[in-house]
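One line per chain: the protein sequences are A and B, in this order. In this text, residue positions in the first sequence follow the working numbering: the first is 1, and each later residue adds one. In this text, residue positions in the second sequence follow the working numbering: the first is 102, and each later residue adds one.
Treat each hint with caution, since some may be false.
Said to hold, decoys possible - Here are the simulated distance ranges between beta carbons:
#1 A/TRP53 <-> B/THR140: 34 to 42 Å
#2 A/HIS66 <-> B/ARG255: 25 to 33 Å
#3 A/GLU82 <-> B/PRO137: 19 to 27 Å
#4 A/GLU89 <-> B/LEU142: 38 to 46 Å
#5 A/HIS65 <-> B/ALA250: 41 to 49 Å
Read the hints as simulated data drawn from the structure, not as lab findings. The C-beta atom is built at its ideal place from N, Cα and C for all residues, glycine as well.
Residues per chain, in single letters:
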Amino acid sequence: MFIDFPLGHTAGKAGDKAGQRRIMIDTLSALDSIQVPGTIRALPYRWADTDDWKDSVMRPDGAGHHNDDRTSREAEPQYEREADRLAAEADGCPGCFFPES
Amino acid sequence: MADSVSEPIDYIERTRAQYEALGYPPYRWVVNEDVPPFTPLAKPLAECTVALIASGGIYRLGQKAFHFRDDVSFRAIDVDTPPAELRISHFAYDTRDARTDVNVVFPYQTLKDLARLGRIGALSQLAYTFMGGIYSARRVREALAPALANRLIRDEVDVSIMVPA
């Protein structure tokens, strides 16, 4: 299923419980209806009345500069909050899996 | 000015242009030539146990966060975990809304509601999460994917929903 929303909103808009539910119902229904492997369906929902939000995604800014919005690729755990680090060190990471490769 | 017809963003073209402008080597896209295997549902959704897998970098308080260099580790998250104990670490999308309402990338409460309403049989007790910004397709194919598949078999789920971020 494809949804034409900004990255980070694959399952709906924040706080929009009804919209999130519709997206998931439509997605689940594809399990019943899709019969051909590799089929891609587009969900009918729009992020906003206009597509203006798309103009700045991975595009040069007003000064013509390309910017990389991603943060640097650190090799250490990147905790959302500092307190999370202490909790993880105390708990020994239950439910964590580190497959070999 | 936006087009009057709603067209999806061409991320491939924009990535090419951005990488070139930033002086990065061209991004090498994964091309999968094989037709994906296909298994139709064997029973109605209302009788299926559904597992949730999400790649938005969700972890639970008490678990290690993801790192940003081809981290192929994953987390099991009990779907009874309150949202206040869920966290996000991911380097490649705007996580602000996900940190406000985790269901936008990890729709576990949405799916629990659908189980209560009888749309699905049940939501599997353990959801699985990882940080999808992994540049090694080989490590996903050879390490992460088989390990996740083994967990789903062990959990005896009928189907899984995979939610990217």
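Hints and how they fare:
1. For A/TRP53 paired with B/THR140, a C-beta distance near 37 Å keeps the hint of 34 to 42 Å intact.
2. The beta-carbon spacing between A/HIS66 and B/ARG255, approximately 45 Å, falls outside the hinted interval of 25 to 33 Å.
3. A/GLU82 and B/PRO137 have their C-beta atoms about 42 Å apart, which leaves the hinted 19 to 27 Å range violated.
4. In this structure, A/GLU89 and B/LEU142 meet the distance hint of 38 to 46 Å, their C-beta atoms being roughly 43 Å apart.
5. The hinted window of 41 to 49 Å between A/HIS65 and B/ALA250 holds, with their beta carbons roughly 43 Å apart.
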